[in-house]
Amino acid sequence: MTLLAARDRSAGPAPYRWRWPALGVLCLSLLIVVMANSALIVAAPDMTRDLELTSSQLQWVIDGYTVPYAALMLLCGALGDRYSRRGALLTGLAVFGAGAVFGSLAETTSEVVGARIAMGVGAAVIMPATLSLLVATFPSAERSRAIAAWAATSGLAIAFGPLLSGWILESHSWNATFLINVPIAALAAVAALVIVPPSRATDRGRVDWVGGLLSVVAIGALVYAIINGFHFGWTTGPIAAFAVAAAGTVAFLVWELRHPRPLLDVRKLGDRTIGGATLAVLLLFLAAFGAIYFIAQQFQFVLGYGPLETGVRLLPLAAAVSIGALAGGRIAPRLGVRATVVAGMALAAAGVLLMVRVDAASGYADFALPLVLLGLGIGIAEPPATDAIMARFPEDDLGAAGGLNDTAIELGGSLGIAVLGSILAAGYKDSIAGFIDSAPLPTLTGNLAAQADYAMEVSRESVGGATLVAQELAANPIVASYAQPLRDAAGAAFTDAIGTASLAGGLALAAGALIVAVILPGRSER
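Residue numbers (our numbering): 2 to 527.
In short, the hints are calculated from the structure, not lab data.
The reader is advised that the hints may include incorrect statements.
[Claimed, not checked] Straight-line distance between alpha carbons at most 20 Å, and here's what the computed EDC-like set of lysine to aspartate or glutamate pairs gives:
| hint | residue 1 | residue 2 |
| --- | --- | --- |
| 1 | Lys269 | Asp397 |
| 2 | Lys430 | Asp489 |
| 3 | Lys269 | Glu396 |
| 4 | Lys430 | Glu462 |
| 5 | Lys430 | Asp360 |
| 6 | Lys269 | Glu257 |
| 7 | Lys430 | Asp367 |
| 8 | Lys430 | Glu458 |
From just these sequences and the hints, can you work out the full model?
Here it is in structure tokens:
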């Protein structure tokens, strides 16, 4: 008899004895899923240098994980419901670990992208399984505390990924950063077999494969279009992907409305609690991933911190998420979901908006407080929002509910990096162009002139490119005097661009908080 079937007895069985150790296993599994993205932040410069990655190739190294991760979560969550949630967790850990091992042995760009795709598929199976197992294992009285711990793990992983990756990069190549995940995945798999109880839906019908395929097409095409359009321009590819996403979404909605056992009961998307909470989760992670994206670059390329130093300086974010989750667990029962979620979003928005005031003279202290406020806001708002989503679905559809919540997280993260990253890149290019166009370079001829022109184009593209160019210029006596002015100009341009991107992200989150306040029902409306 499954855990859920036992729970349905009228006598009401005692809660599962090892539920809190089981939660630790689920959080450990979640940890590697989030770390796989955040660890790449500090490993990317070394990968770019060793593999000679172009901007497009680097983007696919990142998005090779993101696209399948976002596209498959809804389907994988539903499959876990039908067959075995614990089995899904174990399968995902195996696929994820195999991809990480392959990545550690990779020697070409194609091999790295392939490894990231495999890890993304594994992550899409793991993440909804952790959330559905959590809800199935814990009684409703303890569920909010368990979800708070689950949510706090996401915040910890955002900071621990760069920290562990930076520590490894002190003495090893970027390949070794893939191996961070392998022992954790192995430990989580063994512990899951011993501690996590088996669980699946009691009313198992046929899998809605058509709906699953349509969801993969719609979400995958949407994420692809967002990422590529904002980074590389709205050419034929992204526009076609948007058209596919729109057609896939319409087809998915029509099919699910008519299907007797749909993959996702799309009528629930009109539920104010589910709609408002899903929007809140999406916007919180849009701000979080966007902010981490440019703060990590600021620390490494402008302030000159090494990978390990960068990871250490992101720890206040992780600590703040944990503290916020603990505080939110006490606040939500007293103030209600709407007040708690909106307050957390407002606090996170304040943290992002504080970065508008940074300038070329800003040091770490100017980023520490925004990191803390952002972390506190996420910790306060995300657990009650996730709890609200999960509570509105029947227990046979916990995987689909988890997939919906996790898709909002990943879609929000993708939007944050794509949209805020695009604003950041545009601001940087505008600011650095004036310096490069008027730069007092000596008159150069031949190959040296061609190399200088190429170097200036690289400097226009990113602050990382400008930093590498400045290092090369400093080693050449003919142009060595140009190195420091270029480094200073790139740092100032990037810091100015952070202010612009922070304004956009902060205003989006603040406006979202107002919208969520209107959508989410208050206690008297429930």
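Here is how each hint holds up against the structure:
no.	hint	result
1	Lys269 x Asp397	15 Å, holds
2	Lys430 x Asp489	15 Å, holds
3	Lys269 x Glu396	14 Å, holds
4	Lys430 x Glu462	7 Å, holds
5	Lys430 x Asp360	16 Å, holds
6	Lys269 x Glu257	11 Å, holds
7	Lys430 x Asp367	23 Å, violated
8	Lys430 x Glu458	10 Å, holds
Checked against the numbered hints listed earlier, the structure breaks hint 7 alone; every other hint is satisfied.
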